[in-house]
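Going by full-length UniProt numbering, 437 is the number at position 437 of the sequence shown; the sequence numbering is gapless.
To be clear, the hints were calculated from the coordinates, so they are not data collected in a lab. Careful, some of the hints might be misleading.
In the DSS-like style, the derived pairs of lysine-lysine whose C-alpha atoms are separated by at most 25 Å in a straight line are [to be verified]:
| hint | residue 1 | residue 2 |
| --- | --- | --- |
| 1 | K498 | K590 |
| 2 | K590 | K474 |
| 3 | K415 | K343 |
| 4 | K590 | K578 |
| 5 | K590 | K246 |
| 6 | K635 | K474 |
| 7 | K498 | K415 |
| 8 | K184 | K203 |
| 9 | K574 | K415 |
| 10 | K635 | K618 |
| 11 | K498 | K474 |
| 12 | K590 | K607 |
| 13 | K143 | K340 |
| 14 | K590 | K343 |
| 15 | K561 | K607 |
| 16 | K340 | K387 |
| 17 | K324 | K387 |
Pair ranges (Cβ atoms, derived) [as the list claims (entries may be wrong)]:
| hint | residue 1 | residue 2 | range |
| --- | --- | --- | --- |
| 18 | D496 | R475 | 19 to 29 Å |
| 19 | R481 | Q636 | 17 to 27 Å |
| 20 | K203 | T566 | 43 to 53 Å |
The beta-carbon is built from N, C-alpha and C at its ideal position, and this holds for glycine as well.
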Amino acid sequence: MCGIAGIVDFSGNSVSATDLLNMRDSMLHRGPDDFGAVLLAGNGKSHSNRYVQFRTCEELFGTGKSHSNFNIGFAHRRLSIIDLTAAGRQPMCNEDGTIWITFNGEIYNFEEIRTELEKYGHRFLSKTDTEVIIHAYEQWGMKSLDRFIGMFAFAIWDQSKSRIILARDRVGIKPLYYCFLGPKLVFASEIKAILQYPGIPRKVNLEAFGHYLSFHCVPPPATLFEGISKVESGHYMVIHEPSQIKTVEYWDMFAKRNNESLARSEEDITEEIVNLFQDATKRRMISDVPFGAFLSGGIDSSLNVAMMCRFLDRPVNTFSIGFKDAPAYNELSWSNRIAKLFKTNHHEVIISPQDAISFLPKLVFHQDEPIADSVCVPVYFVSKLAKDNGVSVCQVGEGSDELFCGYPSWLTALKDYSEADTFFGKIKRAPMLASSYLASRLLGKGWGTYDRCHTFYHNEIFWGGAISYREYAKRAILSPRLNKLTYEATPQIISDYKDRFNNRCFLPDPLAWMTYIDLKIRLPELLLMRLDKLNMAVSLEGRVPFLDHRLVEFALSLSQKSKIKTNETKYILKQAIKDILPPDIINRPKQGFQLPVNEWYEDHMHKHFIRVADSFLKDTDYFNATALTRYINRKQVPWIIINFIYWHRMWIEGDMEAVDMV
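The whole structure should be built from the sequences, with the hints applied where relevant.
In structure tokens, the structure reads:
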């Protein structure tokens with residue numbers, strides 16, 4: 001896992017080595033072990049492979065070589081995981097220097113692909129997956145992506161075709177951001193690196209802000225910075241110049257869904273789940289550095305540990321976190337239960353409100369754009385615990401809830417779909433307002449269900465697993481100016497995704513839609529970004545076996561009725577692992593990994609936030625001041641708003657000290 005950056009000037013003008021290295025070195029935390037850069041002549045006027053490699057500006061200027069007339073720059077910060085030698089240094093090229101790559105991630109089946117490529121005559125100088133990507137691209141072009149098992153974000157310069165390629169893995173485990181500034185393309189693993197480039201504006205994308213208030217994050221390809229975008233998960237971009245861009249969705253998560261898959265027996269399903277997860281876990285244990293696992297004591301992390309134990313002849317390193325004076329949020333007794341059962345080398349850390357408050361400036365810094373999930377705080381501290389104990393790679397449990405319906409709120413949404421569908425079928429879609437009100441009354445829910453029924457008729461009941469503000473609620477807290485700008489923009493996002501879903505999914509059902517939309521927005525842009533950004537803040541690589549694309553495709557090939565029985569979350573997964581984990585672990589109620597943010601805010605953060613919010617309301621025009629003041633007076637300010645205001649002070653206004661509470 002690493003940090004990548006690059007500059008391409010399509011007008012043919014030279015790029016600045018200083019700017020390139022400033023971008024690279026702003027991501028030191030992503031790659032403290034090694035670093036490199038290359039300048040390329042790739043203006044499209046010839047197929048020349050002229051380039052100069054260097055690590056520092058002093059080295060470049062001291063070589064005596066010309067460093068002008070290079071219009072492409074690639075740079076890399078390396079966290080060494082596989083092949084720790086200098087042979088793994090990036091950026092890396094093919095034998096004749098006509099294909100260059102800067103790569104972040106891991107390809108877990110790279111050895112098998114390398115063996116296949118050697119049969120075609122390819123020769124390798126290192127034992128890295130990076131070199132395998134280069135030769136796979138030479139052999140199969142962009143079809144090579146279909147062969148990779150792993151997580152990745154990379155840029156390739158192909159001199160023979162005068163094009164740059166930006167690619168992101170299927171489910172978006174690794175981020176990749178980009179910005180066009182006139183004839184220039186600037187890209188990086190983190191937005192902060194792009195902001196190092198001169199002339200990049202720091203301005204809020206107001207439409208994206210409206211989406212953020214709904215989804216806790218910004219759906220791709222937008223970010224909260226106007227003019228800065230991100231590559232969508234499962235997509236690649238082919239860029240010849242800023243006006244000639246081709247974006248391709250290369251992965252179909254429903255590729256295995258057909259009549260046969262929907263009719264599978266429960267025995268076949270559970271056996272395949274175990275086989276796929278076992279292989280996914282084993283592949284993610286490939287490492288030349290120490291590794292371990294996060295352990296909460298829930299089903300997902302416990303299954304990670306159980307599977308890892310099958311392939312190790314030594315104890316698994318496990319890491320857990322607890323919260324001081326907040327017993328309702330602690331799961332340490334459960335994690336200790338699993339640690340003792342599987343005889344792990346277990347480590348714990350307990351954080352206090354002061355720990356969280358002291359960390360807040362770092363949190364806002366490492367997020368780049370706000371990720372409205374307070375779980376970012378414990379993710380950082382458990383990552384730091386692992387790194388402090390000599391571990392550089394950890395397996396984590398993200399993805400299981402989305403694949404196997406692990407959220408109780410999903411069961412509620414499925415019930416809403418069933419009730420609304422039954423009712424609207426009976427009244428044959430009467431006028432919207434009347435039908436929505438009548439549905440809410442006849443279903444015995446009162447006006448509280450009005451919004452859900454109205455949404456079903458107008459758009460969708462389910463927008464994602466973590467929705468804060470739908471349109472009517474946003475209108476109450478936004479300023480009049482923003483209400484005009486953002487009105488109905490977010491429902492259109494959902495509508496567009498629903499069209500894509502209907503075009504892809506064979507025999508769609510509500511659960512397939514719910515999984516699809518969370519795999520498009522919440523999972524890649526919220527859950528996986530909190531993992532990437534807070535793991536990498538301490539130079540730790542997080543690996544996600546539940547999001548092996550083969551397991552994802554299998555889970556999405558199953559019918560709703562095979563996954564949901566007896567109104568139980570994760571029914572089919574629980575059946576699959578009943579001989580692997582103890583019944584009390586499998587059947588314990590889902591607690592969720594969360595921070596006691598409301599309690600800590602009221603007792604420790606409120607006074608500081610009042611000062612920050614007061615000046616923010618005077619200086620800006622995002623929120624309805626009366627509505628936000630009401631939140632403040634009640635000491636009930638949602639984290640989604642706290643996070644945005646602190647982010648705005650640091651990243652838009654440039655006031656780094658405003659976030660510091662210490």
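Comparing the hints with the structure gives:
{"no.": "1", "hint": "K498 - K590", "in the structure": "29 Å, violated"}
{"no.": "2", "hint": "K590 - K474", "in the structure": "30 Å, violated"}
{"no.": "3", "hint": "K415 - K343", "in the structure": "41 Å, violated"}
{"no.": "4", "hint": "K590 - K578", "in the structure": "17 Å, holds"}
{"no.": "5", "hint": "K590 - K246", "in the structure": "43 Å, violated"}
{"no.": "6", "hint": "K635 - K474", "in the structure": "19 Å, holds"}
{"no.": "7", "hint": "K498 - K415", "in the structure": "19 Å, holds"}
{"no.": "8", "hint": "K184 - K203", "in the structure": "19 Å, holds"}
{"no.": "9", "hint": "K574 - K415", "in the structure": "21 Å, holds"}
{"no.": "10", "hint": "K635 - K618", "in the structure": "20 Å, holds"}
{"no.": "11", "hint": "K498 - K474", "in the structure": "22 Å, holds"}
{"no.": "12", "hint": "K590 - K607", "in the structure": "33 Å, violated"}
{"no.": "13", "hint": "K143 - K340", "in the structure": "45 Å, violated"}
{"no.": "14", "hint": "K590 - K343", "in the structure": "24 Å, holds"}
{"no.": "15", "hint": "K561 - K607", "in the structure": "50 Å, violated"}
{"no.": "16", "hint": "K340 - K387", "in the structure": "22 Å, holds"}
{"no.": "17", "hint": "K324 - K387", "in the structure": "22 Å, holds"}
{"no.": "18", "hint": "D496 - R475: 19 to 29 Å", "in the structure": "22 Å, holds"}
{"no.": "19", "hint": "R481 - Q636: 17 to 27 Å", "in the structure": "25 Å, holds"}
{"no.": "20", "hint": "K203 - T566: 43 to 53 Å", "in the structure": "51 Å, holds"}
Going down the numbered hints, you'll see the structure goes against 1, 2, 3, 5, 12, 13, 15, while the others check out.
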